[in-house]
Amino acid sequence: MAFYFVQFLTGLASAASLFLVASGLSIIFGVTRIVNFAHGAFYMLGAYVAFTLTERFSGAFGFWGGMVVAALVVAAIGVLVEMVLLRRIYHGPELFQLLATFGLTLMVEDLVVLIWGPEDLLGRRAPGFKGAVDFFGQNIPSYDLFLIALSPVVLGLLWLMFQRTRWGVLVRAATQDRDMVAALGVNQKWLFTSVFAVGVFLAALGGALQIPRDAVHHALDLRIIVDVFVVVVIGGLGSIIGAFVAAVLVSELNAFGILIFPKISIILVFLVMAVVLIVRPWGLFGKAEAPARRTPGLTVYPWRPLGPGERWAAVAALIAAATLPFVSGNYALTVGSEIAIFVIFAASLHFLMSVGGLASFGHAAYFGLGAYGVAFLAKMAGLPMIVSLLLGPLLGCLGAAVFGFFAVQLSGVYFAMLTLAFAQIVWSIAFQWVAVTGGDNGILGVWPEKWAASPSHFYWLSLGIAALAVAVLRIIVFSPFGFALRATRDSPLRSEAVGINGKRIQWTAFVIAGTVAGVAGALFAYLKGSVFPDSLGISLSVDALVMVLLGGVETVSGAVVGAIVYKALNIWLVSQTDLSKLVLGGFIVLIVVAFPKGIVGMLETIRNRRRPSLPKTALVTSRIETAE
Amino acid sequence: MSMVPTLLSVDGLTKSYGGVHAVRGVSFELRAGEILALIGPNGAGKSTCFDMLNGQNIPDSGRISLLGENTAGKKPRAIWRLGVGRTFQITATFPTMTVRENVQVALVSFGRQLFNLWTSTAQYARDEAGRLLDLVGMGAYAERPCGELAYGDLKRLELAVALANQPKLLLMDEPTAGMAPRERIELMRLTARIAREQSIGVLFTEHDMDVVFEHADRILVLNRGTLIAEGSPEEVRGNPQVRAIYLGEGLVYDARHREGAGA
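Chains as they are written, first to last, in this note's numbering: chain P, -5 to 622; chain F, 173 to 435.
Please keep in mind that the hints were generated in silico from the structure rather than gathered at the bench. Glycine residues also receive a C-beta, built at the ideal position from the N, C-alpha and C atoms. No false leads were mixed into what you were given.
Here chain F is said to cover these stretches of chain P; the calculated rule only asks that three of the stretch's residues, wherever they fall, bring their Cβ under 8 Å from a Cβ of chain F: (1) 465 to 472; (2) 481 to 490.
Derived pair list, reagent style DSS-like, types lysine-lysine, alpha-carbon separation capped at 30 Å: (3) K497(P) - K246(F); (4) K373(P) - K257(P); (5) K340(F) - K246(F); (6) K246(F) - K281(P); (7) K183(P) - K281(P); (8) K247(F) - K281(P); (9) K247(F) - K497(P); (10) K340(F) - K247(F); (11) K340(F) - K497(P).
Please put together the full structure from these sequences, using the hints given.
Structure follows, in structure tokens:
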């Protein structure tokens, strides 16, 4: 009994950090509507800076002062980021903000290695809380007790700040309707900056407080950000109480999950999150999101199928790509195959995002399922390659059919989070079900048959399938189904009023995208000759998002260009520099700030500008005349 | 009029929110080709009533019989399939498509081609879409991005979209809200003409009394959730209860005659 009680207290202590970081994320989201992916990076920075300061300055004052100063320093960095970067993109599409903060995360990951080195750093114990308290023979670190006491105090302070100060009133008002707050003459710029500073301060403090418990290392950011996303989604984005309750819930699930269901401990939290989202789509304490306002100033040109000239250009590009085996060596061909595979993967996500308006954060799940499908069929059932390639993606299709059914019940950020949760569930199964998937060791020896084994043949195979997949997706975009899907994205109200069952249309689109992703995964398994849980991982999902946004989400086939540029750059950078993440992150941030419509979107804008413009004003003025 | 079939019959429609009786026992009928206005002061229950008719809200009790079928609690898309076109108070269109494509989507749905993944939409019912756009005077704007349209044109486009399923009934929620006075008259004249020609029943809510009294064949007056009057424009105008509750002091329609409406 005492053991369980101690386990419970350990859970509560872990909740403290989680709550601090999650509340910061929630506050920032509430006011600025930015889902700050870099929040994990700020958390990690907080830990690193606190480590340095507490090492430098001795004594209790040095330790506690160091923690607070570290959080302040990181908050100052946050302010800088907000003023230099985020202010430029508040009016961009919401996904771009996510992309920019993701780019920032990549940069920070390399920067901390550059400054603090790649080794794990062990911080010193907290003065005054070095010992442990004996509880019926079980030891409880006294620092844990301190953390348990701390989180309600922070909750109380935040509550006071929001209820009792003028600033808090403005923040709450902005959370409900920031346009109205702006209309009332509040300086939004500084409100946003101050909110961001407070949010980052909380994240950094959360990181700093962890150093007596945990080693500081450069992968802390992704680990915490996933947990924090789960917490804010369960608690409800924008709700601090929700963040508190959910942080406790998640930490306790982690603490007891390991004891009670050791086999499925990792997925337990995500299962709970999925259930919460399905039962209460806006989290336990959240409110329904107001429909996103259309971004002003971003003209969306209606999509056109390729003209004859453009069609020939596409064919010419394809032929040029097909000549690669005659001019380059095997390494370039392997890279080429990988790029072709990622073109398929990115195109499938792009279809879901641009046509369906559904930004999946867990698209790698279907890529990975396709890969595992092939591995099962080829290795265990011993089927020939063609059959495996055709049937393997069906596992992705099946996964998309099951998860998609639930996911499309939600929209926006919550849709993104639920897809992320599903992907994590699939990843955990692949990771933990060692008997079937080989766990971390993966499934090896999935090699292509002779006819496709040489790099040039495999390259042509990948290129051909990629061209086919992109063409098929384009046909679907311009088919009646594609229009129905766009209609559902553009106006759920209107599409329902013209007889369109939006959820079913979106579900179908999800299954199509999942199947195509599965095709990409199937090829990937043969390219690498093996399948690992990484093929289902978050970083792969994020890669796909970056490719789509890089190409331009408002285009028909921007993902093709995005995938080629991102993947080529990625592979090249990894071979050229140890700081590939820094360069890549910087590149992403630059793209977001300089070309918010993505590469293809930018090209289209230029093309449309050069066209003789329609006499747009005549239309408007004629109405004004009659309106007089 | 009695020979004309009943399109819509509403019987004892009731809806409360907590202790607030938004709509209490509302009953009325609407015949083919008839233009019926639902008016009432703010908070009278017009929108609640309307939302129950078009499937966005589920009544606590009462019957809504549309062409003989009880539609209470049905989804908007099911009601649309029965032959009901609708327009919204704040226009709802597809801003990333062209004007023609907006109509084509409705036609695709009407032709039950929603899950057609293979053919090109560009040619689908192109002429029919053009015909509907001509009908509402938007033919010249067919290839324009819908997002560029002025508000009045969006309202016309919505009307064309609402006509795509060859409706027998049009539900129009404040069709002229947000429009300039002359535009309002134009749009309602257009609607009335189409409705008469094709024998479509129209139910609309409206705040502009000029529009209501010029175009409605019959008027329903709602106050605090109950129908307090029903009849021709003359009858309603003469009803002292309506005058007292709704039209208020002085600003009665017949005081400033129709000719003065545009001034």
